[in-house]
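K.L.:
Protein chains in written order, with our numbering: chain L, 1417 to 1807; chain Z, 17 to 196.
For the record, the hints were derived by calculation from the structure and aren't laboratory data.
Any given hint could turn out to be false.
Claimed, not checked - Taking lysine to aspartate or glutamate and the EDC-like style, the derived pairs with C-alpha atoms no more than 20 Å apart in a straight line are:
hint	chain 1	residue 1	chain 2	residue 2
1	L	LYS1779	Z	GLU61
2	Z	LYS86	Z	ASP111
3	Z	LYS108	L	GLU1545
4	Z	LYS170	L	GLU1545
5	Z	LYS166	L	ASP1793
6	L	LYS1779	Z	ASP78
7	L	LYS1548	Z	ASP78
8	L	LYS1578	Z	GLU143
9	L	LYS1779	Z	GLU57
10	Z	LYS170	L	ASP1798
11	Z	LYS166	L	ASP1798
12	Z	LYS166	L	GLU1792
13	Z	LYS166	L	GLU1711
14	L	LYS1581	Z	GLU143
15	L	LYS1805	L	GLU1766
16	L	LYS1578	Z	GLU67
17	Z	LYS108	Z	GLU19
18	Z	LYS108	L	GLU1766
19	L	LYS1804	L	GLU1771
20	L	LYS1716	Z	GLU129
21	Z	LYS196	Z	ASP78
22	L	LYS1607	L	GLU1711
23	L	LYS1779	Z	GLU66
24	L	LYS1578	Z	GLU19
25	L	LYS1581	Z	GLU129
26	Z	LYS170	L	GLU1766
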Amino acid sequence: MTIPNYYEFFCPVKIVCGAQALKNLPYEMDQLGARRALIVTDQGVVAAGLLKQVQAAFEGSDREIGAIFDQTPPDSSDKVVNQVAKLFVEKKCDCLVAVGGGSSIDTAKGINIVVTEGTPDLLQFQGAERLKKPMKPFIVIPTTAGTGSEVTMAAVITNTEKNIKMSITSYKILPNVAILDPKMTVTMPPKITAATGMDALTHAVEAYYCMQKNPVSDSLSIAAIKLVLENLVKAVQNGNDEKARLAMANAALLAGMSFSNSLVGVVHALAHAAGGVCHVPHGLANAIFLPWGVEYNIPKQAAIIGELAPLFGAKPAGNAQKDAQAVVQAIRDLNAKLKSLCGMATTLKEAGVPEDKLEAIAKVAVNDGTVAMNPEDVTVQDALGLLKKAF
Amino acid sequence: MSESPGGAGLSSGYRVKRSVVRTSLLALGTSFEMVSKNCPELQAELAAWEEGRTVAMGVLPDGPAMAVRKESDHVNYLGQGDHHATLKFLFKNMDSAFTVLTGQIGSDQAFAEHRAIVHGSLSEAMEMNRALALVQKYLMPGLILNNTMKRPPKLSGQDWMIYTKLMLTLTPSLVMNWSK
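The shape of chain L in the complex, shown without the other chains (with noise of 0.2 Å):
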């Protein structure tokens, strides 16, 4: 394992986790000094029935919930977070309580922006290190087991009057609590499992060998590994399965501290591209770029790489490239055992891409802030090549 010259590493989210902690949603909230509570949410987290269960474990406590914003877009909007900001305002709420995947996540992340530093204008705040002031209590439920948001210090909102997605990096944004409970991903379909999962799995991989890496993000990377492989078949085969829940809920987590603080690369390079071009889940665009992506880096990081073969079941080969071509081999071979299961798409053409966008794909990929924490470089031609494998 190396020590990276200088490294920082910042997680203060509480994790609440396991059987019934949910019901400790108002007992955080009054650890924290709120009492009204704005639920950011979306349809899905509604028609699955899970804001009746948020609903139903404030019953009994003194803590309320001043307003319930449940239409929340695939992708967090500036229009959207002003929106439920004023809605904040004018509820009297004290504390934002996201239930959901990373929209959600993200567009409580942007209205707790917003409140705290009195402007509707998230433009002044892209970019790292921008907000100064204390936020306001923010909890967050996940309901997919992948984003990893929940311990993210990032939020990506777009701006719908100048199109373009604007990418918020601060200490400020990250939650006070998550709050992982198995009931709140058991209704994922299996589809949505699969590509949930392989997201925290990129996460890890990512993180493990990318330049931002430290003997932290090593080890949450190296459990998250370990929990994907474990439990996302057995999730997906049944996802009544609440151990396999819990068990992916927490690797997702411990994936996203990791790459919250030692970042992502390529994979995720093309990913936001192939999402921003051809709406691409990111989870399902993430699965199919990993083990490309992996052996891109290969010739710069292969022992690194390599080090992470037992961990996918390889027999150490003594030969730091074979071990690294072997995860890259055991990556595809997850990718296919889920396809098999699910039907979850292993190339961009079973995604819907047409192959006609790839140029404009590669084009946006190499314009991601991920690409500067990608061992190898890379042109668009570079990205153009990993596409049409890809494909």
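Starting from the known structure of chain L, fit chain Z onto it as the hints suggest.
P.N.:
Same frame as chain L, but now just chain Z:
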């Protein structure tokens, strides 16, 4: 962001580093303008920049800084200060700026080590990063580029003409830009 003129109480080591950083930023800004006027590869990269985009690079909280602005098919060096740039590359302290600007580590490594942060659009920052890499190709010796870049560039063909022009005109240009 404007540079603090203060020097009272500063060690001689800090003053030396500040002078090196200030001069390096001047050289980088001046070279950026000159290379952008001559290098088709850099001009192609700059084609994606909107007219008037202003980018600054400086040292927090109030150390040396410089800015460039896209005008027509090239950039112009605006001088010291941030000139209300919408995209800023900011070093957290003088030592970090010194380490990067003297070629001890590359910009990607600097961000990986939290020595610098970006204020503004990350995709514009990536465009700036690629543009700066093209400038450094002419400005930095191969030995340094091998150490600081993931895929060190090599001068070839027309590059040598641009390199020669840059080397012949850089010193007078630095003198002209000194008071900017």
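K.L.:
Starting from LYS170 (chain Z), check that the Cα of ASP1798 (chain L) is at most 20 Å away, please.
P.N.:
holds, 18 Å
K.L.:
Given the hinted pair LYS1779 (chain L) and GLU57 (chain Z), is their alpha-carbon gap at most 20 Å?
P.N.:
Holds, at roughly 16 Å.
K.L.:
Measure nothing beyond the straight line between the CA atoms of LYS1581 (chain L) and GLU143 (chain Z); if it is 20 Å or shorter, mark the hint as holding.
P.N.:
Measuring from Cα to Cα gives roughly 15 Å; hence the hint holds.
K.L.:
Are LYS1716 (chain L) and GLU129 (chain Z) close enough, with their CA atoms no more than 20 Å apart?
P.N.:
Satisfied, since the Cα-Cα distance of roughly 19 Å is no more than 20 Å.
K.L.:
Against the 20 Å threshold, does the CA-CA distance of LYS1607 (chain L) and GLU1711 (chain L) hold or violate the hint?
P.N.:
violated, 25 Å
K.L.:
Taken at face value, is the distance from the CA of GLU19 (chain Z) to the CA of LYS108 (chain Z) at most 20 Å?
P.N.:
It holds: about 14 Å lies between the C-alpha atoms, which stays within 20 Å.
K.L.:
Are the Cα atoms of LYS166 (chain Z) and ASP1798 (chain L) separated by 20 Å or less?
P.N.:
This hinted pair holds, its Cα atoms lying about 13 Å apart.
K.L.:
Does the alpha-carbon distance linking LYS1578 (chain L) and GLU67 (chain Z) stay inside the 20 Å limit?
P.N.:
holds, 16 Å
K.L.:
Between LYS1548 (chain L) and ASP78 (chain Z), is the straight-line Cα distance small enough, at 20 Å or below?
P.N.:
Distance ~18 Å between LYS1548 (chain L) and ASP78 (chain Z) Cα, so the pair holds.
K.L.:
Keeping to a limit of 20 Å between CA atoms, is the pair of LYS166 (chain Z) and GLU1711 (chain L) held or broken?
P.N.:
Distance of about 17 Å is within 20 Å: holds.
K.L.:
Going straight from one Cα to the other, do LYS1581 (chain L) and GLU129 (chain Z) come out at no more than 20 Å?
P.N.:
Judged against 20 Å, a Cα distance of about 25 Å means the pair is violated.
K.L.:
Does GLU1766 (chain L) lie within 20 Å of LYS108 (chain Z) when you go C-alpha to C-alpha?
P.N.:
Violated, at about 46 Å.
Against the hints set out earlier in the document, violations occur for numbers 2, 4, 6, 18, 22, 24, 25, 26.
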